[in-house]
Amino acid sequence: MTRHVLGDTAVMLDRSIKHVTRSLDTIITVTIMPIAFLLLFRFVFGGAIQADTDNYTNYLMPGILLIAIASGISYTGFRLFMDMKSGIFERFHSMPIARSSVLWGHVLTSLVSNAISVAVIIGVGVVIGFRSSAGLLAWLAVAGVLTLFTLALTWLAVIPGLTASTPDGASAFSYPLVFLPFVSSAFVPTATMPGPLRAFAENQPVTAIVDAIRALFGQQPVGNDIWLALAWCSAILVVAYAFAMAAYRRRIA
Amino acid sequence: MATASPAIRVNGLRKSYQKRSVLRGVDFEVARGSIFALLGSNGAGKTTVVRILSTLLRPDAGTASVHGFDVGSEPLRVRESISLTGQFAAVDEILTGRENLIMVGRLRRLGDPRGTADDLLDRFGLADAGGRRVGSYSGGMRRRLDIAMSLIGDPPVIFLDEPTTGLDPEGRIEVWHEIRKLARGGTTVLLTTQYLEEAEKLADRIAILHEGTIIVSGTLAELRKLLPPARVEHVEQQPTLEEVFLSVVGKQA
Ligand SMILES: Nc1ncnc2c1ncn2[C@@H]1O[C@H](COP(=O)(O)OP(=O)(O)O)[C@@H](O)[C@H]1O
Ligand SMILES: [Mg+2]
Numbered sequence: 015m016t017r018h019v020l021g022d023t024a025v026m027l028d029r030s031i032k033h034v035t036r037s038l039d040t041i042i043t044v045t046i047m048p049i050a051f052l053l054l055f056r057f058v059f060g061g062a063i064q065a066d067t068d069n070y071t072n073y074l075m076p077g078i079l080l081i082a083i084a085s086g087i088s089y090t091g092f093r094l095f096m097d098m099k100s101g102i103f104e105r106f107h108s109m110p111i112a113r114s115s116v117l118w119g120h121v122l123t124s125l126v127s128n129a130i131s132v133a134v135i136i137g138v139g140v141v142i143g144f145r146s147s148a149g150l151l152a153w154l155a156v157a158g159v160l161t162l163f164t165l166a167l168t169w170l171a172v173i174p175g176l177t178a179s180t181p182d183g184a185s186a187f188s189y190p191l192v193f194l195p196f197v198s199s200a201f202v203p204t205a206t207m208p209g210p211l212r213a214f215a216e217n218q219p220v221t222a223i224v225d226a227i228r229a230l231f232g233q234q235p236v237g238n239d240i241w242l243a244l245a246w247c248s249a250i251l252v253v254a255y256a257f258a259m260a261a262y263r264r265r266i267a
Numbered sequence: 023m024a025t026a027s028p029a030i031r032v033n034g035l036r037k038s039y040q041k042r043s044v045l046r047g048v049d050f051e052v053a054r055g056s057i058f059a060l061l062g063s064n065g066a067g068k069t070t071v072v073r074i075l076s077t078l079l080r081p082d083a084g085t086a087s088v089h090g091f092d093v094g095s096e097p098l099r100v101r102e103s104i105s106l107t108g109q110f111a112a113v114d115e116i117l118t119g120r121e122n123l124i125m126v127g128r129l130r131r132l133g134d135p136r137g138t139a140d141d142l143l144d145r146f147g148l149a150d151a152g153g154r155r156v157g158s159y160s161g162g163m164r165r166r167l168d169i170a171m172s173l174i175g176d177p178p179v180i181f182l183d184e185p186t187t188g189l190d191p192e193g194r195i196e197v198w199h200e201i202r203k204l205a206r207g208g209t210t211v212l213l214t215t216q217y218l219e220e221a222e223k224l225a226d227r228i229a230i231l232h233e234g235t236i237i238v239s240g241t242l243a244e245l246r247k248l249l250p251p252a253r254v255e256h257v258e259q260q261p262t263l264e265e266v267f268l269s270v271v272g273k274q275a
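Residue numbers (the numbering used here), protein chains in the order written: chain A, 15 to 267; chain B, 23 to 275.
Just so you know, not all the hints are guaranteed correct.
Claimed, not checked - Heads up, incomplete: computed chain B residues facing chain A, CB under 7 Å, no partners named:
id : residue
1  : L78
2  : R101
3  : E102
4  : G108
5  : F110
6  : A112
7  : D114
8  : R128
Calculated from the structure, these hints are not laboratory results.
Yeah, the Cβ is synthetic: ideal placement off N, Cα and C, and Gly gets one too.
One chain only, chain B, in its complex shape (with noise of 0.2 Å):
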């Protein structure tokens, strides 16, 4: 596994529900400690992709690999090396904040389970709440809690499966600041999002997946460019993520 190869690397994946086909040949790499964006309508496949590479689901067809394990045929290297913040928060409602970090602590063998609980709760500002059950936490302290669980043991690749649907603004910025410290810190980062702002703010490269295929992807810069130009002289700015994506989505903007 050299270093300079991808954090994760998707050939031909393909999944169909009965007979749905979600994902019809989808490729994509992500580079290492680089925040990628996979945008894509609500039903558009980000879930099935990021179950897929967190090694809930097998493919039909099609490779992946994650921190250089294949997740087929590897799944509990691709385990050690990720963590999944899947869509809605997977957080025990029974037991309290910081309840759930040490369980969490003590499942990756953590030295200190406690002391990373606390660090964790004064981090994403949980500590006043860190002895209250979670059921009590609104929204937006369970997304908190909710990362703050994906980030213990320091997994090089983190998933995070649309991040900040359903909370405020407030919180949205929270949550975007902690993603921004993590690929600073060296981690991989996969967010799946319907808000193109988040990816335009966050992501390094951006990948809008659409009809089971991942029609454009690049910086912003450069999906920037496939407007039209005649198009780009029109407008006063520069075109935003939105009419890019629904220029290529082939929708009116």
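Just chain A, with the same shape it has in the complex (with noise of 0.2 Å):
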């Protein structure tokens, strides 16, 4: 049976590749937004903040990585919506394959696009003057956190994909989290922020990701930051992947 997932998996994922690489415009418009913002903290706003850096875009990156993720996980939602729609999903489950493989084809679907997308970005971020000292072993540790991140979030996305009844309810619930960063220390240090909103600011997960990513890129001591990150992403990724299967356990036998 293991090979059976194996290789079902890889038929799945074959077939949802292809419909990332079909309709490239969907990496378009993922990446354009966090470009969008990385132009527009750099240059209109980056002047302005004081973020004791002598490299703001450095600063910006990690945040505007995550921004590109939260909101590129929504395609998975949307994705398995319409397979459930569509009917494939019934086919697929009708048909003696290993069940398992129909979701993870999807989930592993958006770690390649998103890396994509990470990888789209990380180019714009040069261009305009991204710059890191890191060795490869740091670059795998950003990475790892990266791909662990949005492990966590896509299959945080199955579960709208699973139960929602419209596709933009499938997709519209990535929006709260890509606003999360804003309220992070990924464009300005927390310790501007006004006491509530710094309390939250510094005790939510974006934060100590982007800490961390910040001081991987940096050659800098990651310190607690890193642990509390991966804490948080294996959190989050061990509720949302319970959550996705109960709702999936709903909708078939």
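With the hints as a guide, dock the two chains, each given alone in a separate frame, to form the complex.
Next up, the structure:
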């Protein structure tokens, strides 16, 4: 059966990746907003923001990447919803395949398409002055954190994908996620924020993840941030996965 | 599993959605290699029966077996024995027709999914359209592709849920032709339909699902005998299935 899981997941991944590569406009849609924020903060607000840094592009990069992922995963919800609606989800489930491959195909596709978006945005960042002295190990650590973050949010996206009644409902849940970085250390130091806002900003996952990635890019000691970031991502992943599987079981006998 | 045993056996099937009781004790059997039509108006519960038989939905009570396997306790065996063509063509719009067929062939672990795909495209008059995305297909072409996808792997039992709804007369005749060919090849076909003519033309046996139970079943000749004899004398031709249907569901013809 394990061989079937891998083989069937490969077929599902192949299918779902074709959906991404044949509508490359979704990659553009996903990357255009974060790139716009990047340019806006770098060139319009950047001069006025006191972020205590000599390279504000470097400062911005982690938060921008998280915004890209938070909006990118909404397509997983959308594609899953379309599969439910078109009946192909039921067709797969009536076939002698490893049923788990149906969801995993979508989840792995999300990892691939978000990795592409992240690469595109880092490319744009380099053009406008992003520089990192990070070595291979630090880059791998950044990739690992971003992958875990994507995986956690993707399983979160599976829930509306399985339960929504309209395509908008299947993807709209990502809007609040996209705005979380604005109330974090992603654009300005949290020390500048008023009390309650600051308390929220300093204790929400985006701040820990942003600080960890920023430290890795800057060859700084990551301290506790990396563990806090990993703990947040793992916790979101476990909870989202549990709710997604519960929603899944409700949809299918 | 004796060869003489029925291909499908349904006993006392019950299913409610929330408070609405849709199936209230459904019983029927389908002989191997025959075409069985489950006839009922919109909302009668035909799709519910098909979804239970294809292991997509659990009944509240009752048993069902397909190809000798119980749908509740041996769902994987059932899935190995069946193919489902749902009420709405479950095809991938972004893939081409050929890619859809190859995908199903790979999931069914065929030796030569490409060769099988090309054969089926030919057989269903889709050879020229095989390289085009399904999104550009007409309703009839989608339905044909949908049915072709169900034939991959030669399952002994095929469920066709309203296979000709939404097709033009020409498309309908083509699909009928394919269904007859399947039965001649020894495949058991359970089809649901709202069209009396379709049941009349195709089916070896017909069962009428009404208000949660099978109110009558038998061959067309047997169903005709159900009409009060006085009525038969008044009509010049044989009574149509439509007259039988309206008479047994208690409406005025
Ligand atoms: N998932 C569901 N939740 C609630 N009601 C449903 C659901 N699926 C079907 N029904 C209801 O059950 C009845 C039978 O549906 P269905 O089996 O699709 O009938 P048919 O295929 O004969 O048209 C309909 O009234 C339909 O509205
Ligand atoms: Mg139906």
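To see whether the hints hold, each was checked on the structure:
1. L78: For B/L78, the interface hint holds, since the closest Cβ of chain A sits about 6 Å away, which is under 7 Å.
2. R101: 4 Å, holds
3. E102: 4 Å, holds
4. G108: 5 Å, holds
5. F110: 5 Å, holds
6. A112: Holds, because the Cβ-Cβ distance from B/A112 to chain A comes to roughly 4 Å (cut-off 7 Å).
7. D114: 6 Å, holds
8. R128: Holds, about 5 Å.
The earlier numbered hints are all upheld by this structure, with none contradicted.
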